[in-house]
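**Student:** What follows is each chain in one-letter form.
Protein chains: 2
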Amino acid sequence: MINYPNGKQVKAEKVIEYGKRGMSLEDDINDTNRYYLEFDRAAIYKKPTPIRITKVEYKSRSTAKITEAFFQTPSTTDYNGIYKSLYIDFEAKETQSKTALVSKMIHPHQLAHLERVIRYGGIGFMIIRFNLLDETYFVFASKIINYLKETTRKSIPHQWFVENGILIPYNYAVKVDYLKVIDQYILEAK
Amino acid sequence: MINYPNGKQVKAEKVIEYGKRGMSLEDDINDTNRYYLEFDRAAIYKKPTPIRITKVEYKSRSTAKITEAFFQTPSTTDYNGIYKSLYIDFEAKETQSKTALVSKMIHPHQLAHLERVIRYGGIGFMIIRFNLLDETYFVFASKIINYLKETTRKSIPHQWFVENGILIPYNYAVKVDYLKVIDQYILEAK
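Going down the list, the sequences are from chains X and R.
According to numbering that gives the first Met the number 0, the stretch in the first sequence is residues 0 to 189, in order.
According to numbering that gives the first Met the number 0, the stretch in the second sequence is residues 0 to 189, in order.
Be aware that a few hints might be false.
[Claimed, not checked] According to the in silico footprint, chain R covers these stretches of chain X (three or more CB under 8 angstroms from chain R): (1) 74-83; (2) 109-116.
[Said to hold, decoys possible] Some chain R residues well away from chain X (every beta-carbon gap over 12 angstroms; in silico): (3) Val101; (4) His106; (5) Arg115; (6) Ser141; (7) Tyr146; (8) Leu147; (9) Thr151; (10) Lys153; (11) His157; (12) Glu162.
Treat the hints as calculated values from the structure; they're not laboratory data.
Cβ atoms here follow ideal geometry from the backbone N, Cα and C, with glycine treated the same way.
With these hints in hand, go ahead and build the complete structure from the sequences.
**Tutor:** Encoded structure:
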């Protein structure tokens with residue numbers, strides 16, 4: 000595992016372990032997206048972490064080794080794609096707190112991007128997991144954006160997610176079945 | 000400049016030079032996307048190149064230096080985003096040939112992804128530039144997919160692009176104004 004400067008962890012060597020509980024939210028979402036892809040439902044991907052490359056070694060044309068590089072701040076959210084003609088865009092965050100999500104975990108540029116996505120007619124949302132409570136919430140971005148505009152608090156209470164989010168039940172085959180929430184949304188919008 | 004194993008070049012240190020001719024197609028498209036963003040028209044971004052990180056040095060929490068990493072093959076196309084509620088997805092290629100685009104420059108996984116995008120109701124296309132002819136074409140992905148399925152040729156002739164593509168005129172302010180083509184498409188689809 001490699002620790003990102005923001006405290007997130009990524010697997011250095013990717014090992015896909017299907018059906019294993021206790022994975023990170025990112026792993027669970029990637030797993031879910033692979034499931035959607037396999038069953039021909041949606042094409043939604045995690046964007047790679049942007050990296051500024053400053054030194055590369057060339058052994059041959061096909062084997063370049065990066066020997067110096069730095070993490071960059073992404074300008075958008077982590078995930079996007081297409082489902083039923085809809086542009087899908089979201090960010091995922093997990094917290095070890097049982098009581099609240101610290102607001103600064105959600106970056107202003109991510110909120111600005113999600114606001115734009117909504118204005119252009121896309122589906123913008125966030126997936127928030129309270130690890131110790133074993134709860135994963137789907138929250139439409141508009142709700143979080145409005146809440147953060149109105150509040151002076153430095154965190155969003157767990158209770159807020161209970162009232163404003165939609166609990167995504169854990170499923171062995173589809174770990175974070177967020178398209179179910181979108182299906183419901185499409186149904187209600189009709 | 001850093002040479003990618005596939006022969007593409009990326010700037011190691013990003014220097015934004017607005018309005019300068021002779022930039023790479025990638026630079027011109029990034030410039031165009033920034034223009035669209037600034038004028039609140041669309042949110043379309045280039046995905047970062049996926050990199051497999053194997054070693055990182057930590058000086059402090061905020062300064063991590065990657066000391067060993069390798070380029071990975073992207074699983075999708077380079078660009079995606081949203082415009083007028085539409086999911087937009089495309090790949091860009093430039094060639095030094097005056098007569099044809101070598102087919103293997105378009106990877107099978109990119110074609111498979113674009114085919115999926117179309118099936119799900121998105122707008123999938125390619126932007127092809129013939130550098131020495133100073134011509135940039137917009138081609139709907141469906142046309143390229145069909146052509147490559149039917150042909151045994153190892154390249155797509157320049158004349159094919161003349162007949163099946165839409166020439167995107169170079170514009171000082173908007174270098175590769177591909178949304179103009181999509182606007183026309185929306186108009187005709189109505």
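**Student:** With reference to the structure, classify each hint as holding or not holding.
**Tutor:** Results for each hint:
1. Three residues within the 8 angstroms Cβ limit are the bar, and the stretch 74-83 of chain X against chain R gives 7, so the coverage statement holds.
2. Interface restraint, the stretch 109-116 of chain X with chain R: holds (3 residues with C-beta to C-beta distance below 8 angstroms; minimum three).
3. Once the 12 angstroms rule is applied to beta carbons, R:Val101 is consistent with being away from chain X; the minimum gap is 16 angstroms.
4. At roughly 15 angstroms, the least C-beta separation between R:His106 and chain X is larger than 12 angstroms, which holds for a residue marked as non-interface.
5. With a least CB separation of 5 angstroms from chain X, R:Arg115 falls inside the 12 angstroms interface cut-off, contrary to its annotation.
6. Every beta carbon of chain X lies more than 12 angstroms from that of R:Ser141, the smallest distance being close to 15 angstroms; the non-interface claim holds.
7. Non-interface status of R:Tyr146 relative to chain X is upheld: no Cβ of that chain comes within 12 angstroms, the nearest being about 22 angstroms off.
8. No Cβ of chain X comes within 12 angstroms of the Cβ of R:Leu147; the nearest lies about 20 angstroms off, and the non-interface call holds.
9. A cut-off of 12 angstroms between C-beta atoms confirms that R:Thr151 is not in contact with chain X; the least separation is 27 angstroms.
10. With a least CB separation of 20 angstroms from chain X, R:Lys153 remains clear of the 12 angstroms interface cut-off, as annotated.
11. The claim that R:His157 is not at the interface with chain X holds, since no C-beta of that chain comes within 12 angstroms of its own (minimum 26 angstroms).
12. With a minimum CB-CB distance of about 29 angstroms to chain X, R:Glu162 clears the 12 angstroms threshold, and the non-interface call stands.
Violated hint: 5 only; the structure is consistent with all others.
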